[in-house]
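Per our numbering, the very first residue in the sequence shown carries number 1; after that it's consecutive.
There's no promise every hint is true.
[Stated by the list, open to error] Taking lysine-lysine pairs in the DSSO-like style, the calculated list, with each CA pair at most 30 Å apart, reads: (1) Lys-26 <-> Lys-248; (2) Lys-26 <-> Lys-154; (3) Lys-73 <-> Lys-155; (4) Lys-73 <-> Lys-154; (5) Lys-154 <-> Lys-201; (6) Lys-502 <-> Lys-248; (7) Lys-165 <-> Lys-26; (8) Lys-154 <-> Lys-165; (9) Lys-248 <-> Lys-466; (10) Lys-152 <-> Lys-165; (11) Lys-155 <-> Lys-165; (12) Lys-165 <-> Lys-73; (13) Lys-502 <-> Lys-466.
[As the list claims (entries may be wrong)] With beta-carbon atoms standing in for the labels, derived distance ranges: (14) Asp-536 <-> Ala-317: 42 to 52 Å; (15) Lys-165 <-> Asn-510: 19 to 29 Å; (16) Glu-249 <-> Asp-110: 50 to 60 Å.
Think of the hints as simulated: they come from the structure by calculation, not from any bench.
Note that the coordinates shown come from a computational prediction; the quantities given were computed from them, not determined experimentally.
C-beta atoms are modelled at their ideal positions from N, C-alpha and C, and glycine is treated no differently.
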Amino acid sequence: MDMVTMNIIESAMIAICREMGVNVQKTAYSTVFSEAEDFTCALANTDGELIAVADFCPAQIGGVPLLVRSMVKEISLSEIDEGDVIVHNDPYRGGLHTPEHTMFKPYFVDGELMGFAVAIGHFVEVGGMVPGGFPGEATEIFHEGLRVPPVKIKKRGEDVVEVWKLMLANVRTPRQNYGDIRAMISAVDLGEARMRELVGKHGHETFRRTVTDLMDYSEARMRAEIRAFPDGCYRFEDALEDDGIEDKEYTIRCAVHVQGDEVVIDYTGSSQQALGPINATLGVAWSASYNAMLHLTDQTIPKNSGCFRPIRVIAPAGSVMNVDYPGSEVGGNTETHPVIVATILGAMAPAAPDRVMASEGTTHGCLVFGGYDARNDEPFGALDISYVGYGGRSFADGNDATDSINGNCANTPVEVFETRFPWIVEEYGLCPDSGGAGAHRGGLGTSKTMLCTGDLMISQMTNKHKKTAWGLYGGADGLPGATLYQGEGANRWTTVGEAFGKVSTTKYSNVPIRPGERVSVKVPGGGGYGEPRERDPRAVVEDVLEGYVSAEAAARDYGYDPSWVARYGKDAPLPEAAE
Numbered sequence: 001m002d003m004v005t006m007n008i009i010e011s012a013m014i015a016i017c018r019e020m021g022v023n024v025q026k027t028a029y030s031t032v033f034s035e036a037e038d039f040t041c042a043l044a045n046t047d048g049e050l051i052a053v054a055d056f057c058p059a060q061i062g063g064v065p066l067l068v069r070s071m072v073k074e075i076s077l078s079e080i081d082e083g084d085v086i087v088h089n090d091p092y093r094g095g096l097h098t099p100e101h102t103m104f105k106p107y108f109v110d111g112e113l114m115g116f117a118v119a120i121g122h123f124v125e126v127g128g129m130v131p132g133g134f135p136g137e138a139t140e141i142f143h144e145g146l147r148v149p150p151v152k153i154k155k156r157g158e159d160v161v162e163v164w165k166l167m168l169a170n171v172r173t174p175r176q177n178y179g180d181i182r183a184m185i186s187a188v189d190l191g192e193a194r195m196r197e198l199v200g201k202h203g204h205e206t207f208r209r210t211v212t213d214l215m216d217y218s219e220a221r222m223r224a225e226i227r228a229f230p231d232g233c234y235r236f237e238d239a240l241e242d243d244g245i246e247d248k249e250y251t252i253r254c255a256v257h258v259q260g261d262e263v264v265i266d267y268t269g270s271s272q273q274a275l276g277p278i279n280a281t282l283g284v285a286w287s288a289s290y291n292a293m294l295h296l297t298d299q300t301i302p303k304n305s306g307c308f309r310p311i312r313v314i315a316p317a318g319s320v321m322n323v324d325y326p327g328s329e330v331g332g333n334t335e336t337h338p339v340i341v342a343t344i345l346g347a348m349a350p351a352a353p354d355r356v357m358a359s360e361g362t363t364h365g366c367l368v369f370g371g372y373d374a375r376n377d378e379p380f381g382a383l384d385i386s387y388v389g390y391g392g393r394s395f396a397d398g399n400d401a402t403d404s405i406n407g408n409c410a411n412t413p414v415e416v417f418e419t420r421f422p423w424i425v426e427e428y429g430l431c432p433d434s435g436g437a438g439a440h441r442g443g444l445g446t447s448k449t450m451l452c453t454g455d456l457m458i459s460q461m462t463n464k465h466k467k468t469a470w471g472l473y474g475g476a477d478g479l480p481g482a483t484l485y486q487g488e489g490a491n492r493w494t495t496v497g498e499a500f501g502k503v504s505t506t507k508y509s510n511v512p513i514r515p516g517e518r519v520s521v522k523v524p525g526g527g528g529y530g531e532p533r534e535r536d537p538r539a540v541v542e543d544v545l546e547g548y549v550s551a552e553a554a555a556r557d558y559g560y561d562p563s564w565v566a567r568y569g570k571d572a573p574l575p576e577a578a579e
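Build the full structure now, drawing on both the sequences and the hints.
Below, the structure is given as structure tokens:
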């Protein structure tokens with residue numbers, strides 16, 4: 001194993017993936033790509049193994065191996081030519097959920113197929129029963145939009161016009177989708193060109209051997225990390241509060257078996273699959289399991305299929321963890337995935353208390369909407385993401401206003417949001433007191449209040465309006481979220497469920513919003529870690545002065561009183577000086 005060459009080639013491949021991502025961001029039409037960066041760019045070999053990826057969305061990173069393997073099962077390697085681009089979004093063929101489209105482009109060197117450049121991205125508009133791609137009341141896959149099995153959208157460098165026509169005829173926003181597809185194709189074009197250069201520079205055999213060594217090295221690093229955990233079976237369970245159709249909880253139950261240098265994550269005993277769209281596909285079960293283990297282990301381990309080899313996943317078919325056809329599943333990749341990760345972290349808390357956090361808010365607050373843009377004479381659709389509080393840790397408070405653990409998406413600036421869509425953002429900030437109290441408190445979720453200026457149809461896919469983010473080791477739960485509606489001229493806020501007769505306030509479809517009406521989206525805070533009375537008084541005072549925690553909540557949870565400002569505020573003498 002030549003460590004120098006391995007580091008050079010790995011660094012070059014990661015740089016290629018990052019450059020592919022920048023290309024998507026700079027050329028895409030939709031804000032979910034250009035601002036939120038809901039995509040991932042990666043490289044794979046001909047065996048379907050992930051060999052390199054940049055730091056984009058964790059949900060998509062863990063999904064690459066199954067996606068590539070599924071693709072080559074339907075389009076054999078012998079049928080793939082230079083210049084081909086293959087598109088695929090089918091959740092029942094290894095995909096993550098219907099909005100997530102994957103582009104694959106082979107790279108050949110001296111006529112030999114060496115691997116694939118891969119780009120995965122979340123398309124806002126995919127057809128189906130609602131604009132924006134998140135039908136909270138879907139009951140089957142056909143409600144969720146167009147499924148595209150692995151097909152060539154380009155053959156030998158030329159567009160396959162029939163595929164383009166089919167894909168664009170089945171969505172509400174063909175111009176936007178056209179631009180986003182072109183952006184992703186340009187990313188894999190770039191990746192293919194850069195990989196030809198890289199392999200040509202180092203030679204076929206050196207490249208192959210080095211990639212094999214890299215995955216073996218990553219595997220060895222992961223096995224060493226797992227070996228440091230005490231052997232045993234660690235159990236935990238969490239739940240989604242409803243599925244948008246029935247007002248009942250759906251349990252995710254996991255048993256994490258640590259056996260030497262391997263981990264088996266078993267979801268046997270989880271709820272049977274839901275009628276509504278919260279079910280995870282097998283790809284999501286794999287990806288969430290990998291995501292959790294990457295959070296529990298050394299962050300410098302190279303991210304490739306090698307580090308996944310010691311992790312085995314058991315996800316019973318027909319359960320909420322592995323949906324059977326034709327069950328609905330669009331929320332599984334956004335809302336169920338982070339609950340799965342939280343369940344694994346909860347299970348592993350006794351084995352690795354310094355590596356886990358209390359539960360985060362486990363939602364993206366996904367508010368989707370669409371309508372007609374008279375100014376540009378075309379339909380539009382959009383996805384707006386909200387940002388939760390993370391759980392407290394043994395050494396620090398939870399992060400405030402952060403995308404849920406499977407997303408890593410950026411905030412869309414208010415100026416862009418108001419320019420592109422018929423909303424005025426009247427308030428956007430942190431929710432005071434939303435983080436659970438603890439020696440290290442939970443992070444704060446966000447609150448966003450919007451005034452509608454055009455006719456819209458909204459839908460939502462979120463979680464934790466009734467359930468809360470749990471604390472650890474005496475830490476308190478975070479506060480739940482809420483989506484509230486205010487009619488024009490009204491002075492009272494109501495839930496969407498109350499106002500429109502929906503079963504769920506977190507998952508619903510096609511609610512009409514008119515000019516002058518308001519919507520306010522509040523997302524959960526994270527759970528606290530450790531006993532609240534063990535929190536440093538200086539941190540309590542800082543939280544009160546900054547407005548993160550109200551004086552009333554601080555008095556209740558920490559014993560705070562106003563005299564603490566003089567004793568523990570930033571202008572107070574340090575403890576050593578006071579002595």
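Lys-502 and Lys-248: Cα distance at most 30 Å? Distance of about 14 Å is within 30 Å: holds.
Holds or violated: are the alpha carbons of Lys-502 and Lys-466 at most 30 Å from each other? holds, 15 Å
Using the Cβ atoms, figure out if Glu-249 sits within 50 to 60 Å of Asp-110. holds, 57 Å
Holds or violated: Lys-26 and Lys-154, Cα atoms, limit 30 Å. Distance of about 22 Å is within 30 Å: holds.
Please work out if Lys-73 and Lys-154 have their alpha carbons no farther apart than 30 Å. This hinted pair holds, its Cα atoms lying about 19 Å apart.
Hinted pair, alpha-carbon criterion (30 Å max): Lys-73, Lys-155. Please report holds or violated. holds, 18 Å
With a cut-off of 30 Å on the C-alpha distance, tell me whether Lys-152 and Lys-165 pass. Status holds; Cα separation ~13 Å.
Would you mind confirming whether the straight-line C-alpha gap from Lys-165 to Lys-26 stays at or under 30 Å? The hint holds at about 25 Å.
Lying within 19 to 29 Å: is that true of the beta-carbon distance Lys-165 to Asn-510? holds, 27 Å
Satisfaction of hint between Lys-165 and Lys-154, Cα-Cα up to 30 Å: Measuring from Cα to Cα gives roughly 13 Å; hence the hint holds.
Please work out if Lys-154 and Lys-201 have their alpha carbons no farther apart than 30 Å. At roughly 27 Å apart (the allowed maximum being 30 Å), Lys-201 and Lys-154 satisfy the hint.
In this structure, is the beta-carbon distance linking Asp-536 and Ala-317 contained in 42 to 52 Å? holds, 49 Å
When held up to the earlier numbered hints, the structure conflicts with hint 1 and nothing else.
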